[in-house]
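Each chain, letter by letter, is given below.
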Amino acid sequence: MNERKIGGVILSVQNISLAFGGVKALTDISFDVREHEVRAIIGPNGAGKSSMLNVINGVYRAQQGQITYRGQVRKDMDTHQAAEQGIARTFQNIALFKGMTVLDNVMTGRNLKMKSNFLMQALWWGPAQREEMEQRRKAEEIIDFLEIQRIRKTPVSRLPYGLQKRVELARALAAEPKVLLLDEPMAGMNVEEKQDMCRFILSVNEQFGTTIVLIEHDMGVVMDISDRVVVLDYGKKIGDGTPDEVRNNQEVIDAYLGIAH
Amino acid sequence: MSSLQVFAEVLIAGLLTGIMYSLVALGFVLIYKASSVFNFAQGAMVFFAALTLVGIIELGVPFWLALLLTIGVMVLLGMGIEKFVLRPLVNQHEITLLMATIGLTFVIEGLAQLVWGTDVRRIDLGIKDIPIEFIADNTGILVSQLDLFAAVVAGALVATLAVLFSHTKVGRALRAVADDHAAALSVGIPLQRIWGIVWGVAGLVALVAGMLWGARSGVQFALVFVALKALPVLIIGGFTSVPGVIVAGLIVGASEKIAEFYVGPMVGGGIETWFPYVLAILFLLVRPEGLYGEKIIRRV
Amino acid sequence: MFYREAGKFRTSYAQDAQIFPLGLDKVMVGALLVFAFLIVPNIASQYWLIALLIPWLIFSLVALGQNILTGYAGQLSLGSAGFMAVGAFACYNFLLRVDGMPFLAAVALSGVCAAAVGIVFGLPSLRIRGLYLAVATLASQFFIVWVLDKFGWFKNYDPSGVITAQPIVILGYLFDSAAEKYVLVAAIVGVLALAAKNMVRSNIGRSWMAVRDMDVAAEVIGFRPMPVKLLAFAISSFYCGVAGALFAFAYLGTVEPSAFNIDMSFRILFMIIIGGVASILGSFLGAAFILLLPIFLSVLFHTVFGNAVDASMLSATELIVFGALIIFFLIVEPHGLARLWQVTKEKLRLWPFPH
Numbered sequence: 001m002n003e004r005k006i007g008g009v010i011l012s013v014q015n016i017s018l019a020f021g022g023v024k025a026l027t028d029i030s031f032d033v034r035e036h037e038v039r040a041i042i043g044p045n046g047a048g049k050s051s052m053l054n055v056i057n058g059v060y061r062a063q064q065g066q067i068t069y070r071g072q073v074r075k076d077m078d079t080h081q082a083a084e085q086g087i088a089r090t091f092q093n094i095a096l097f098k099g100m101t102v103l104d105n106v107m108t109g110r111n112l113k114m115k116s117n118f119l120m121q122a123l124w125w126g127p128a129q130r131e132e133m134e135q136r137r138k139a140e141e142i143i144d145f146l147e148i149q150r151i152r153k154t155p156v157s158r159l160p161y162g163l164q165k166r167v168e169l170a171r172a173l174a175a176e177p178k179v180l181l182l183d184e185p186m187a188g189m190n191v192e193e194k195q196d197m198c199r200f201i202l203s204v205n206e207q208f209g210t211t212i213v214l215i216e217h218d219m220g221v222v223m224d225i226s227d228r229v230v231v232l233d234y235g236k237k238i239g240d241g242t243p244d245e246v247r248n249n250q251e252v253i254d255a256y257l258g259i260a261h
Numbered sequence: 001m002s003s004l005q006v007f008a009e010v011l012i013a014g015l016l017t018g019i020m021y022s023l024v025a026l027g028f029v030l031i032y033k034a035s036s037v038f039n040f041a042q043g044a045m046v047f048f049a050a051l052t053l054v055g056i057i058e059l060g061v062p063f064w065l066a067l068l069l070t071i072g073v074m075v076l077l078g079m080g081i082e083k084f085v086l087r088p089l090v091n092q093h094e095i096t097l098l099m100a101t102i103g104l105t106f107v108i109e110g111l112a113q114l115v116w117g118t119d120v121r122r123i124d125l126g127i128k129d130i131p132i133e134f135i136a137d138n139t140g141i142l143v144s145q146l147d148l149f150a151a152v153v154a155g156a157l158v159a160t161l162a163v164l165f166s167h168t169k170v171g172r173a174l175r176a177v178a179d180d181h182a183a184a185l186s187v188g189i190p191l192q193r194i195w196g197i198v199w200g201v202a203g204l205v206a207l208v209a210g211m212l213w214g215a216r217s218g219v220q221f222a223l224v225f226v227a228l229k230a231l232p233v234l235i236i237g238g239f240t241s242v243p244g245v246i247v248a249g250l251i252v253g254a255s256e257k258i259a260e261f262y263v264g265p266m267v268g269g270g271i272e273t274w275f276p277y278v279l280a281i282l283f284l285l286v287r288p289e290g291l292y293g294e295k296i297i298r299r300v
Numbered sequence: 001m002f003y004r005e006a007g008k009f010r011t012s013y014a015q016d017a018q019i020f021p022l023g024l025d026k027v028m029v030g031a032l033l034v035f036a037f038l039i040v041p042n043i044a045s046q047y048w049l050i051a052l053l054i055p056w057l058i059f060s061l062v063a064l065g066q067n068i069l070t071g072y073a074g075q076l077s078l079g080s081a082g083f084m085a086v087g088a089f090a091c092y093n094f095l096l097r098v099d100g101m102p103f104l105a106a107v108a109l110s111g112v113c114a115a116a117v118g119i120v121f122g123l124p125s126l127r128i129r130g131l132y133l134a135v136a137t138l139a140s141q142f143f144i145v146w147v148l149d150k151f152g153w154f155k156n157y158d159p160s161g162v163i164t165a166q167p168i169v170i171l172g173y174l175f176d177s178a179a180e181k182y183v184l185v186a187a188i189v190g191v192l193a194l195a196a197k198n199m200v201r202s203n204i205g206r207s208w209m210a211v212r213d214m215d216v217a218a219e220v221i222g223f224r225p226m227p228v229k230l231l232a233f234a235i236s237s238f239y240c241g242v243a244g245a246l247f248a249f250a251y252l253g254t255v256e257p258s259a260f261n262i263d264m265s266f267r268i269l270f271m272i273i274i275g276g277v278a279s280i281l282g283s284f285l286g287a288a289f290i291l292l293l294p295i296f297l298s299v300l301f302h303t304v305f306g307n308a309v310d311a312s313m314l315s316a317t318e319l320i321v322f323g324a325l326i327i328f329f330l331i332v333e334p335h336g337l338a339r340l341w342q343v344t345k346e347k348l349r350l351w352p353f354p355h
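Residue numbers (my numbering), protein chains in the order written: chain A, 1 to 261; chain B, 1 to 300; chain C, 1 to 355.
Keep in mind that the hints were calculated from the coordinates and are not lab data.
Computed from a predicted model, the values in this text were never measured in an experiment.
Virtual Cβ for every residue (Gly too), placed ideally from N, Cα, C.
One or more hints might be untrue.
[Said to hold, decoys possible] Which residues of chain A face chain C? A few of them, derived with a C-beta cut under 8 Å, are:
1) His80
2) Arg89
3) Phe91
4) Ala95
5) Phe97
6) Gly99
7) Met100
8) Asp104
9) Met107
10) Thr108
11) Gly109
12) Asn111
13) Trp124
14) Ala128
15) Arg136
16) Ala175
Just chain A, with the same shape it has in the complex (with noise of 0.2 Å):
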C-alpha cells in the first residue's frame, strides 16, 4: 500500500435529491471525500451515479441539498466555476474535441492559466506567444506521464477508443486539479489497458495528490485501488465504507444480484 496522507475533508454532498421530471435520480444522498484519498462510486446500472457527478461539478442542479467544497457551503455551482476552483472531470461517453488535434486537446486543458487576451494573441506578440509555448510544455508533461507522445498531432476523431480515454485523462490533468472526477475512465478496455489505466491514476494520486472520485464497474479494480467507496442504487446510498466493509455489506450484495429490498 502507498503511504500518502489522506487529509482532512475537502468535498461533502449534503442531503442532495434530483428528479428529471417525474424521475427521481438521486434521493437524499449525502457522503464525503478527503484529500488526497480515491474514492470510489459504485452501484449497478442507472443508480444515479453519473448524475451523482454531474451535479458536484454543476451540469446538473441538484433541486434539494448543498455540497460544501473546500469549506465553501453552496446550493450549486456553475461548471466553469467549478473548473476554476479546481475540479476537472471525464465523461462517461469521452467528450473530446472531436475537430482537434490530441495536443490541442491537451492544451484547452490549460486554459484557465492562460493569461493573455485576444489581441496579444492575434499579434502572437511577445507575452502572448511566450504564454503559448510555456502552457505547451507544460501540456507536453501530462502527454510524456500519460505516454502518448506519438499520437500528439493525431486528430482526436481516428483514435481507437482506449486511446481516446486517455487522452480524455491527460485533457483533465492539465488542468491541474485538486479534484478528479472520473466517469467510467475503464469502460470498453481489455485488460492491460484497464491495467495501464490503473496504473496512471494511481500515479496521479501519489505523485500529484490529486483526490480521485471515481465511477466504476470492475469490482477487482474498485477494491484494488480505492481507499473508501460509496455504493448507490436507484438513487438512494446504500454503501460507505472501506472496500472490505462495503464487500461484505449484505445490502449492497442483494442490489447487484437484483434481489428486490
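Since the structure of chain A is provided, determine the placement of chains B and C on it from the hints.
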C-alpha cells in the same frame, strides 16, 4: 370606417396571409418530422411547383391533367432529392444537411428559370381577388374572396395532414422514422419508401402553396422569399408540430400586418421584411423549443 | 523529393508552432509575397485588378470572418452581408462627419462598429443554437439592411439614394488607381489574415473550437460560453465590417444597402463550405472559386454555344452549377478545397515514393 373596422380588416388580412405561411411551413415540418432534415429548398419547391403547373397549362394542357402531371413531377423531384442528395449525406451533421438543402435551393431555382423562363405568370383558379359582398355589406369590412378561399384550402390541408399523422398507420410509421431511423428499420418500417412518401407529400403541399400564392400575387421569383418567411413560423411553432405551424402562421401573419399598418407609416414602411424574424428571436429566447416543439434535454 | 520533412528536427516548441515550418514553405511564401506586392501591381491589367484580384481579396476577408464564426466557433450565421453593410456605411459616415479622419482609422472604426452590432445580434447565440440561430441571423441581415435603407441619416439624406464613396487618401497620398487600391487592400487583408491565423492557433481559437465541438465539455474545462461566443461574433463582424468598407471604397465606389443582400450572405457561406470550413487558406480558396465560377461558366458557354446563349439562361445555369457543386462538395469532400490542397501537399512530401 371606424378604427375598429380598420383593425379588423388588417387583422383578418394578416390572419389569412398567416395561414398561407403555415401552408409553406407545413412542407418543412413534414420533412423534418420524418427525416430530421431541414429542407431549406422547400420555398424553391413551392416556386417550381407553381411554375411547372402554369407552364404545362400554357402548353395547352387542360387544368386537371396539368395538375396531375405537376403532382407527378413534384413527386419525382422529391424522390430524386432523397436519392441523390439525402442518402449520400445520411449520417452527417444536421448543419451539413442544411447547407446541402441550401445548395438544392439554388439548383431548383436555376432549373425553374432554365426550363420555364423568367416571366411573371398568373394562375387563374376561377376565384377573383375581390371583397366578399356579404361581409362587406353587413360589416363594412373588406375580405378578399381569394384570400378566404386560399385560407380555407390551406386550413383543410393542414387539418387533414394533422389527422393523417396521428391516426393512420403511415402516420405512425412516419413518426417512428423521425424519432429513430435505426429503430424504425428494426421493426420493419420500409425507410426509403417512407421517405419517398414524405417527400412526395411535401411536394404536393408545395404545389398547393404555390398555386394559392401564385393566384394571389403571381408566380414570380419573389415567391422564394415568402418561403424564407416560413422560417420564423417554424421557430415559433416548433419544428415538429403541425398544429404549432398553424398557430404560429397566424401569429406571424397577423402581427406582421398589424405592425406594418400601424408602425410602418412612421418609419417609411418595410417592417414586414424583418418583423417576423425579430419576433422569432424573442420567442426563442423565452421558449427555445417553440410553442409546441419538443423540449430538448441534453444528457451528458 | 524537395518537399521533405525528414532530417528537419525542431528543437523548440516555438519552432514547432510556426505557421510555415518547412524551409521550402517559407521560401515559397516569401516569393508569393514579393510577387503579390511588387510584381502584380506593375504587370496586371486593369481588368485583372478591378474585376478579379480586388474583389477576391475583399471576399476572402469576409470569408475569413464567416469562417471564424461558423467554421471555428460553430455558430451558423447567415448575416455576414449585413455586417459588411454596417462597415461600409460606418466608414462613409466617419469620413463624412469627422473632419480630417484618416482613412485607415475610419476603416478600423467601421470594423469596431460592425463588431458592436455583431455582439448585439450574437446575444441570441447564448440561448439558441444550430438551425434556430441561423434563422435568427437572418433577422440581423434583414433588419440591418432595412435600417440603413430607411433612415436617411445614414445616407446623409442624399436624394438620389446612391452615395458615392469618398476618395481614399492616406497621409496625403491619393489611392485612386486600380494598382494602388489593390496594394492597399492586399496589405490590409494580409495583416488581418495573419492575425486570424494567430488567433486560431492560440487559446482563443481553441476556445472557439471547443465550444463548437462540445460546449458542455468546454464549460467543464472552464471556458465561459458567453465571452467565447460573443468574441467570435465580435471578431467575425469586425472582419466583415472592414471588408464591407473596402468593398464600398476600393471596389464598388458607391455605398448602397442593396449590394449587401441575403444573396451575398449565402454566397459567403458557400465560400467557406467549398473552400473549407475552419481553414484560413480555405477562405481564400473558396472566395476565388465563387468569384471565378461565373466567369468561367460564361466563357465556357460562349465558346461552346457562341452567342446563342442569353443572359437569363446563363444565370440559370450558374445557379444550378453553384448548387450542384455545393452538394457535391458536401458529399465528397466536406472539408473543401483546403483539404484537397492538404492532401496534395502530403502527396508531394512523399513524391516520388508512393507511400
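Now the hints, each set against the structure:
| no. | hint | verdict |
| --- | --- | --- |
| 1 | His80 | holds (5 Å) |
| 2 | Arg89 | holds (6 Å) |
| 3 | Phe91 | holds (7 Å) |
| 4 | Ala95 | holds (4 Å) |
| 5 | Phe97 | holds (4 Å) |
| 6 | Gly99 | holds (5 Å) |
| 7 | Met100 | holds (6 Å) |
| 8 | Asp104 | holds (6 Å) |
| 9 | Met107 | holds (6 Å) |
| 10 | Thr108 | holds (5 Å) |
| 11 | Gly109 | holds (6 Å) |
| 12 | Asn111 | holds (5 Å) |
| 13 | Trp124 | holds (4 Å) |
| 14 | Ala128 | holds (7 Å) |
| 15 | Arg136 | holds (5 Å) |
| 16 | Ala175 | holds (7 Å) |
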